[in-house]
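Student: Sequence:
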Amino acid sequence: MKKSNNLKVFIGYDSKETIAYHTCVQSIIENTTVPVSITPLNLKMLSEFSQTQNDGSNDFIYSRFLTPYLCDFKGLAIFLDGDMIINDDLNKLIDFHNKNIAVHVVKHDYKTKFKRKYLEQKNEDYPRKNWSSVIVFNCSHKSNKILTPDLIARSKGSYLHRFSWLKDDQIGELPKTWNHLVHEYSENPKASILHYTLGVPCFEKFNYGPEALIWNNYFSKTIEGFDYNDINKKVI
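Using my numbering, read the sequence shown as starting at 5 and increasing by one per residue.
If you are wondering where the hints come from, they were derived from the structure by calculation, not from laboratory data.
On a predicted model such as this, the values are computed, not experimentally measured, just so you know.
Below, in silico cross-link-like pairs of lysine-lysine (DSBU-like), each with a Cα-Cα straight-line distance of 30 Å or less:
(1) 111 / 209
(2) 133 / 20
(3) 48 / 78
(4) 12 / 180
(5) 133 / 180
(6) 133 / 48
(7) 48 / 225
(8) 126 / 20
(9) 12 / 48
Sequences are here, hints too, so could you generate the full structure?
Tutor: Now the structure itself:
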């Protein structure tokens, strides 16, 4: 396994899903074996980016493509949706690096079993659905240098999420275990990344199955050592 001196990880952040973000971070801290810098893609922090699109189900649906720009188009970086548990060492993704490949993704080919996801949002099928939820960016690749804040702000979601700025042979493939779609695919609690794409288990509707137990375990560790009653007394 190749070793990274400092693994750069960007995670989608949405105030509606704060609990998911922090639980994802907890899983990274517990399983990653090299120093890791974690950046939340919070729109309030991205002053150079003005998101003009209003068709997204979350705040980071477009900002994820800023990852190479935020890395000054240098080195490797990983983008993750916030509704994930990292069940393995993220540093293993570096082994897939190929200087001729612009991005590595899991190339899902499926139709959803659920027409609604969390908060009753529509869950529509479309080409290359969920390819962009885990992206290993080769930020130095010349084709990724087109990903400026201006281009991303004026591009359609279909152009970005289908990686239309790239040739097909510039899109590398990761094993499916690195973006396992919980409840869409057969149970696999040992998958390297568990993606709760329909909704994290804090939503009662999706709080079932062995993968939900794993999410709840990591969540419990984010609040370990705190007593809710003591906290409430201090707040009051």
